[in-house]
Amino acid sequence: MSPETAPAKPAPAKYTKKDFQSDQEIRWCPGCGDYAILNAVQQVMPTLGINREKFVFVSGIGCSSRFPYYMNTYGFHTIHGRAPAVATGVKLTNPELEVWVVTGDGDGLSIGGNHLIHALRRNVDLKILLFNNRIYGLTKGQYSPTTELGKVNSKSAPFGVIDQPINPISLALAAEATFIARSVDIYPKHLMDVLKRVATHKGSAFVEIYQNCNVFNDKAFIQLTEKEIRDEQNVSLEHGKPLIFGKQKEKGIRLNGLRPEVVKLGENGITEKDLIVHDEKNAALAYLLSRIGFPDFPTPIGIFRDETFPTLEQRTRDQISQARAKLGEGDIDK
Amino acid sequence: MSPETAPAKPAPAKYTKKDFQSDQEIRWCPGCGDYAILNAVQQVMPTLGINREKFVFVSGIGCSSRFPYYMNTYGFHTIHGRAPAVATGVKLTNPELEVWVVTGDGDGLSIGGNHLIHALRRNVDLKILLFNNRIYGLTKGQYSPTTELGKVNSKSAPFGVIDQPINPISLALAAEATFIARSVDIYPKHLMDVLKRVATHKGSAFVEIYQNCNVFNDKAFIQLTEKEIRDEQNVSLEHGKPLIFGKQKEKGIRLNGLRPEVVKLGENGITEKDLIVHDEKNAALAYLLSRIGFPDFPTPIGIFRDETFPTLEQRTRDQISQARAKLGEGDIDK
Amino acid sequence: MTPQSQAEAAPRKREVLESVTIRFAGDSGDGVQITGTQFTNTTAIVGNDLSTFPDFPAEIRAPAGTLPGVSGFQIQFSSKDIHTPGDQPDVLVAFNPAALLVNTKDLAPNSVVIVNTDSFGEVDLKKAGCTSNPLEDGTLSAFQVFKIPIADLTIKALEAVPISHKDKERCKNFFALGVLYWLYNRPMEPTLKWFQDKFKKKPELVEANSLALKAGYAYADAAELFRSQYEIPPAKYAPGRYRNVMGNEALAIGLIAGSKLSGLPLFYGSYPITPASDILHELSRHKNFGVITFQAEDEIAAVTSAIGASYAGAIGVTGTSGPGVALKGEAINLAVMVELPLVICDIQRGGPSTGLPTKTEQADLMQALFGRNSESPVCVLAPATPGDCFDIAIQAVRIATKYMVPVFILSDGYLANGAEPWKLPKMADLPRIEVKFQTSPEHFAPYLRDEVTLARPWALPGTPGLEHRIGGIEKSHIHGNVSYDPDNHDFMCRIRAAKIQRIVQDVPDLEVAGDSDAKILMVGWGSPYGSITAAVEEARRRGIKVAQIHLRHLNPFPANLGAILKRYPRVLVPELNLGQLLMVLRAKYLVDARGLNKVQGKPFKVSELVEAIEQEAKTLQGNGSPK
Amino acid sequence: MTPQSQAEAAPRKREVLESVTIRFAGDSGDGVQITGTQFTNTTAIVGNDLSTFPDFPAEIRAPAGTLPGVSGFQIQFSSKDIHTPGDQPDVLVAFNPAALLVNTKDLAPNSVVIVNTDSFGEVDLKKAGCTSNPLEDGTLSAFQVFKIPIADLTIKALEAVPISHKDKERCKNFFALGVLYWLYNRPMEPTLKWFQDKFKKKPELVEANSLALKAGYAYADAAELFRSQYEIPPAKYAPGRYRNVMGNEALAIGLIAGSKLSGLPLFYGSYPITPASDILHELSRHKNFGVITFQAEDEIAAVTSAIGASYAGAIGVTGTSGPGVALKGEAINLAVMVELPLVICDIQRGGPSTGLPTKTEQADLMQALFGRNSESPVCVLAPATPGDCFDIAIQAVRIATKYMVPVFILSDGYLANGAEPWKLPKMADLPRIEVKFQTSPEHFAPYLRDEVTLARPWALPGTPGLEHRIGGIEKSHIHGNVSYDPDNHDFMCRIRAAKIQRIVQDVPDLEVAGDSDAKILMVGWGSPYGSITAAVEEARRRGIKVAQIHLRHLNPFPANLGAILKRYPRVLVPELNLGQLLMVLRAKYLVDARGLNKVQGKPFKVSELVEAIEQEAKTLQGNGSPK
Ligand SMILES: Cc1ncc(C[n+]2csc(CCOP(=O)(O)OP(=O)(O)O)c2C)c(N)n1
Ligand SMILES: Cc1ncc(C[n+]2csc(CCOP(=O)(O)OP(=O)(O)O)c2C)c(N)n1
Ligand code: SF4
Ligand code: SF4
Ligand SMILES: [Mg+2]
Ligand SMILES: [Mg+2]
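Protein chains in written order, with the working numbering: chain A, 9 to 342; chain B, 9 to 342; chain C, 9 to 635; chain D, 9 to 635.
If you're looking for bench data, these hints aren't it; they were derived computationally from the structure.
Keep in mind that a hint or two might mislead.
As the list claims (entries may be wrong) - Here are the simulated BS3-like cross-link-like pairs (lysine-lysine), alpha carbons at most 27 Å apart as the crow flies:
#1 K176(D) to K227(B)
#2 K257(B) to K204(B)
#3 K210(B) to K159(A)
#4 K197(A) to K159(A)
Unchecked claim - Computed footprint of chain D on chain A, listed as stretches where at least three residues anywhere in the stretch have a Cβ under 8 Å from a Cβ of chain D:
#5 84-90
#6 119-126
If you're wondering where the values come from, they're calculated on a predicted model, not measured in any experiment.
The beta-carbon is built from N, C-alpha and C at its ideal position, and this holds for glycine as well.
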């Protein structure tokens, strides 16, 4: 049974969350944000109407990368940083499969940064979830490429981090990923909405998920998680809608030339019309939004970009059929 | 003599181009664009007023990476893709040195992509020259990460390239490189001007140089090199100046919302005022410009971005002195 | 002599013991490692010889109370010279059922078991997967069990302290420590002092933990629980200041010492990986020594940045574990080709692939020797004990700079985290490392070699008149220009190999321990040194003639190795792998050496090796001398 | 028998020769490789046995006319069965002074030298660094020199053709080819036909090149230059269709055949590197076979994508050279741990580091066997000839899928670019490769092993009911869950090793060639097969008793290897490295084998090996049997 002749697809079974829970005991620290993300994924899976055996979760190494063990699907816990490359091989070989990649800020942006951008720019149909806790959790607390300048709580920079951090969304954009989004571990509804969108996207998809490592980098995203302030500190991106935020939805973001600025609705005549209207097809806007956040701006969450281009696996298949049409099915004896 | 106690800097000697030519016979194919770039660099060096022994040229592997052999400075022809990392070690150890990196589109963007973005985002004071010929020259003609979709002249994609190429300028921008520029092998004056600017920049600098590989990818940049059309096909970026181009300087680029568009000056009342005024400090603008080019737009050349932030080597030194101030010079016996 | 051997004796007296082995076990959350470390430090101060073995669970903290979550810390301390953390604990301190279940199998009949009865409720038992309560179902019938409501007693003792109930309960490990301090008659001051520093900013915690410790001590003293208190007299040491040191710590300090002795700045390029990360952590805390630490984006950047640093005049060092070394091979070959100093620390762990990241193994010898394309000779060293990591680090810096070569240090998880008393070095007593950079253009050629060492000159960028180019393509002899000449390539391949062989000048001859007229020779390398040494001593005590050599230099070998091997009819090579040194010895010396191999992520037990020796001795007797 | 031996003979007759060796030499720009290839293909059609050796200059084209720019192509062809491209050319065709200078040192006295006199002007001589003109200064006095104004004659011949002067001059190599076709009596048709296809779109070039070829032929016929024409009768072959094949080409076709025989899609993940790139080029031209080629961003992505492909049910193959293998070690270990099929093609080149990229070497054996962290057993195969690359590729696919293991193919630059006549396989005659995927959940466990092969089941994602997880952490026996159990780890390490040993079931016993009563046994592997075989034949012709075995399986070894080695007093191991197979043989079998080692980026000369054998034979006579 070669992948090219995979078993006929039976009518999608009706699943519940339980069907996506493996028998493996979960091994994350109590209180880890990874639990919430696992929960969200396991809730979204049954809603997709796709047979369970079609799902493959590929990961690298890290706390986040233990994820596949807890999904009752096919799972491959590979080596550090290489999941996107392994997943590319899987998807090119059998495009029928739904290939999800789970990675971390170290796995995906440090050792694996190159594989990430190349998988994205090739537009392989992979759903890449990057759990960003701004720390190396598994190795017990070294700073990561997303750790803030000056941060002193990491084991490898006791005098403070001196490396300018990397911006995952800007990077995905530079790599021309066709789907780019951001969500937060403890925003279950928002996270599930994003996951549903990514599940239906065809092409390279990148989702940054802010995740709390309560053991080595607790409260890294406090501005988004503390009840009191979070409404002031995040702005949700919705296609075709103006960028409004705040407890009373009283604030918004407008463009001054190419520079975004926070404005108060009503104040000196500012109305919704003055605000940026989100457009998932506008890369320049996505780039602008990728560079704003705490403390001067609310942090944008939601879908930055959603474009459709032919996927690499599609182009590979097309090329093979064209070659066959042109040269006839290959025959070694000839 | 440890680097920390390097020899006192004598008054910069007066050099000529010859002083920067090594005794090694040059090994590039006749007609290769690399000759022009070498020539430009060797002409710029004497103008910098820096002692020759301070220069270190570090490269990876590729035709372009043979560059250091031909410079009569210190040179290190390392391994494929790793030059930025080697150079980082050099610069952190001896900040007195002027460290230049020469790489190619394969060396720097394929195998070495990750080292490139990490060197850039850390803002190590490296001058990185990427010779982009959109092909693997040394290995005799496989497509590279910058080869255009559908291109059929490469040995590894006889049926046409199906990988979406990567955009080097966007990538450098996502990595927050503090200096980003583009020039062309056969634009000697422009190239030398850019090189002089990069030489004086303190921090991570990235220069993409379009270079013709006349053996395996001839005329890859024909729109910029053919006398007849080049003036229509490139727009030079100058800080504070509007984006004007064309044989008669009759055309310009303006912004329609966040979308750039080509306009004719004079036509339905369009004047210079309507055009984009270049600003090296505006990353969003740089991003917009990084994504325009042939065929719909002229290709921007010149300096996309020039910002100043503390360098990694500076921060490293500062941290050491602070630690010494705080804890006193380390003593193992204690 | 162990506690239980005293069990029948009359009430409350002082027994003198030679050695005791204690194991603390509980949840990662129970502070097992801290408790063990405190007991260790105090014991070092008291002047006993000691050896420790922290046994971590899998990297991520498993759910509280479960078997995979159990963390252990074992220490053997003694009035005599000892070499291992002990095969079997005499005393087990178990903070919960899981800890008890996981560890009882390692106990000899009649050993002492101290349990925290407060953590044996329904829930706790369920988490540990117990169907019945091991405290009642006879599981422990073979042992002397001391049931103490440690948590309750602690909380009572802290009544007055203004901290949460949960925080009080957290202090229970120090109550247990107090009990042991009394039992083995150790002073509380060092730990009390440690509380002061550790919780500077939280006085209430200083009070709470101090109270808990004292309460435990008082409880043991008052309660009629223990029939006697034990005395372990100080061991006799060579004079000098001692402190307790772990392998990675010693390695880090050794690198700094190497930097000071050579006058070279130390550059450490590394990407975190268990169990090597602590070297990075340690060095990054010592910026006041001028150390440059660079946390690279991956292992390849780590090693190549170190090569760049050496090129610019630092001593470039990179550290990792097996999987990282597998990534650095190509870059290490660049250092081989451009002949620059480079120190590669490989803190070995269980493999292959991700393997057993937190467990020990010594299976990277072949990788260090041969894990690169083409003919790629490098120097390989291996420390024998935690303290030896310091000396090996200095030796690595000396050889790397003197011969302009890459040098591997093969440590492992056991040495990295294990501790032993360590005599503080005096820098003044350590021989300087002479480094001469090329400064004058006269007679300068990039590959003109020193006659004695075959080293090429180290000509730093920034030196006027020495501008030159190096790289990974084959170089011409003397001038170092790119050369495709067939004979030159052959010549250079052989001279690179010869250069590594020259290092033998800096390798002391081996001294054979044990019986010169023995029929059996034990040949070891790396961390099994302690177990092998203890096993040889034990075997000889049992009247078997056996000799021992231990290799700290694995390439090149000491000059007299071949001669020694040939002197003994039977050569045994214990390794925590499937026979790597064994293969090299057989190939090089054509001796029919036999391997004693174990790949369990754990060090050798002394008893395992003693048995193997006895076994071999029998066969030898049987058939006279071996075929 | 060689041409010059005929030199004194009477005018213009037909001489019959057994074998001739010709070397074409000139600038990369002179079309030397094309000329050689055309001569080779025609010679294959004529039915001679042949062997070729293209010798490329450094990767980048050096300036025209300089010594480093010289490119060479050597072919030996014969009416008998031959094994090498020949030690010394009988005929040298030199297109310029540089080509002459570089190659004359390889000529025997009296050999034929054909020079293009038009390229011996001032400038040309200067470029080649000549102070005097070698055509006049006596440099060539020892040879039969034929001075032909090849360029001029070509241009004249093409007068009528409407192309530039420069383009006309470019056709001169085919004029030279015409001369040789006449001299060795080869038909021009195949080449004329080739022009038709090659320049389909440029009729004027078809005309030009055809005219040049014919002009050369006519010139040789007319001019009184050569005293005779030579005849090399066809060799006797087993019946079948033959074509000329190069190693990389055969390897690529072999992989496709493996895919067809197994019914698995072929996935080739690779990052370009000399001399492996041609495999990628070849496969990417065969998309109509359903081949998926993936040019990855680096070697690590190349091998990991191949592992992903195997996981999804393809036969995952990755190809590179030594430096690339040095980067793939960690990923190969993942395949070792998850026990998936993987084929790694290592087309070896000169090292270490970047080394001599365009030259051949066989120094990656140790890297293939041991270049990874911890205990990492893999299967290693090595082809003996260009054509053998096809069979080895199929064998690699068979073993990888049958045992679920990584399999190394160690080819090298010499095999990759060398050519030999190759009997076209009939797919129908090749044994199928049986692959059974797990389909039913019954009795399924990810690490439940087959009793015979010890392979675990191959359960593809997409199969209902088999959802399971695999990864690089140690796995529990049968169930494959993450396991930190010490005994399980030891067990799994040993079973992974045992599984590789089981492959011996698929390894044919060695057959000893030569004299069974010989005192000397030659043991080879890889590309030296031809030279060793020729040397053994020659030595025996000279009356020395010598035997030969050649290893195509390097791990595991054939079952009868040990027994064979013990039968011969002296074992010699010729390798293009410093003694790698030698070390493994000595360690495994404790035989005092001796190495014949050369690391010059060139194959062995037959004469070198014959001398070594004679030398050894003498010593053996001297001291009876060796110590
Ligand atoms: C080749 C290799 N290098 C290093 C490591 C050690 N390592 C494992 S996970 C990790 C970083 C994990 O950080 P991240 O990706 O952010 O995952 P998290 O644990 O934070 O979820 C490192 C450095 C490894 N396992 N393999
Ligand atoms: C580890 C490794 N992989 C692959 C190669 C082969 N290789 C050398 S240069 C090169 C690509 C060169 O392309 P580019 O960087 O664009 O340089 P160019 O020759 O075009 O100037 C490759 C694949 C190598 N030398 N080392
Ligand atoms: S270390 Fe941090 S990221 Fe890892 S499991 Fe624990 S809390 Fe989660
Ligand atoms: S191959 Fe191309 S890039 Fe390389 S030297 Fe020749 S022309 Fe230049
Ligand atoms: Mg993280
Ligand atoms: Mg290129």
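Query - Given pair status - K159(A), K197(A), alpha carbons within 27 Å - result: At roughly 31 Å apart (the allowed maximum being 27 Å), K159(A) and K197(A) break the hint.
Query raised in the report: Is the Cα-Cα distance between K210(B) and K159(A) 27 Å or less?
Result: Holds, at about 24 Å.
Query raised in the report: If you look at each residue in the segment 84-90 of chain A, do at least three have a Cβ nearer than 8 Å to any Cβ of chain D?
Result: holds (count 5)
**Report entry** Given coverage of the segment 119-126 of chain A by chain D, tested with a Cβ cutoff of 8 Å and a minimum of 3 residues
**Finding:** It holds: at least three residues are needed, and the segment 119-126 of chain A offers 3 whose Cβ sits within less than 8 Å of chain D.
Query raised in the report: Within 27 Å, alpha carbon to alpha carbon, are K257(B) and K204(B)?
Result: Satisfied, since the Cα-Cα distance of roughly 26 Å is no more than 27 Å.
**Report entry** Hinted pair K176(D) and K227(B), Cα distance within 27 Å
**Finding:** Holds, at about 24 Å.
Hint check: a violation occurs at hint 4 only; the rest are consistent with the structure.
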